[in-house]
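Colleague: From first to last, the protein sequence lines stand for chains D and X. All residue numbers for the first sequence refer to the working numbering, where the first residue is 1 and numbers rise by one. All residue numbers for the second sequence refer to the working numbering, where the first residue is 1001 and numbers rise by one.
Just so you know, the hints here were simulated from the structure itself, not pulled from any lab data. Honestly, I wouldn't trust all of these hints.
Computed footprint of chain X on chain D, listed as stretches where at least three residues anywhere in the stretch have a Cβ under 8 Å from a Cβ of chain X [claimed, not checked]:
| no. | region |
| --- | --- |
| 1 | 28-42 |
| 2 | 46-59 |
| 3 | 69-75 |
Here are some chain D residues pointing at chain X (derived, C-beta under 10 Å) [what the hints assert, rightly or not]:
| no. | residue |
| --- | --- |
| 4 | Pro7 |
| 5 | Ile11 |
| 6 | Ala86 |
| 7 | Lys101 |
| 8 | Leu102 |
| 9 | Thr103 |
| 10 | Thr113 |
No residue lacks a Cβ here, since even glycine has one placed at the ideal position from N, Cα and C.
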Amino acid sequence: AQSVTQPDIHITVSEGASLELRCNYSYGATPYLFWYVQSPGQGLQLLLKYFSGDTLVQGIKGFEAEFKRSQSSFNLRKPSVHWSDAAEYFCAVGAAGTASKLTFGTGTRLQVTL
Amino acid sequence: GAGVSQTPSNKVTEKGKYVELRCDPISGHTALYWYRQSLGQGPEFLIYFQGTGAADDSGLPNDRFFAVRPEGSVSTLKIQRTERGDSAVYLCASSPRGSGGPDTQYFGPGTRLTVL
């Protein structure tokens, strides 16, 4: 069975500082990996995804993530955080070869101080 | 174009009552998914439709939960004899293909269900 671990429940960074949110997955084959962002009262918005190919993927709002098979990780990064980035971030894994359920981590809440 | 829509946005009901939650997917999307998000948790999969049929309902917690998609577009999640533990945000998502390779799920804003 697939699983996702987001070790950091809550992270606080200063505006303009860099950000890295950790995600580790467990899956027996090549996974499909996603990062979603959820603002209060909003639905999940897709930031970026990895299906295959280049292991460094670019997303919206200046985010990027790197797939590292050897570490079973898919960490999300941003070089300079903006106050509007404060939200809940979810990493998710889907089974390769089919498109069915996503398994989500428990999320990381990002707080940005001015 | 229009995204995934869900109605109602909020639903308050009493323990033991029946509720229906509606999802309107993105036009033309073949696959539709329901998830449940409890407070402080990530979304948990409930059921997935490919067209009109339920391709995977392994996430439904018990037989009080049922979902339909009779015409392959709009879906309704039905919960009978609601319990306080059913209180959560119910999220719907749709994706273009739903099979044959990687696909991206697009989520609606959710329905917040509160069972008193």
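Colleague: Look at each hint and say if it fits the structure.
Modeller: Status of each hint after checking the structure:
| no. | hint | verdict |
| --- | --- | --- |
| 1 | 28-42 | holds (count 5) |
| 2 | 46-59 | holds (count 4) |
| 3 | 69-75 | violated (count 0) |
| 4 | Pro7 | violated (14 Å) |
| 5 | Ile11 | violated (15 Å) |
| 6 | Ala86 | violated (17 Å) |
| 7 | Lys101 | holds (4 Å) |
| 8 | Leu102 | holds (6 Å) |
| 9 | Thr103 | holds (7 Å) |
| 10 | Thr113 | violated (22 Å) |
In this structure, the earlier hints numbered 3, 4, 5, 6 and 10 are contradicted, and the remaining ones agree with it.
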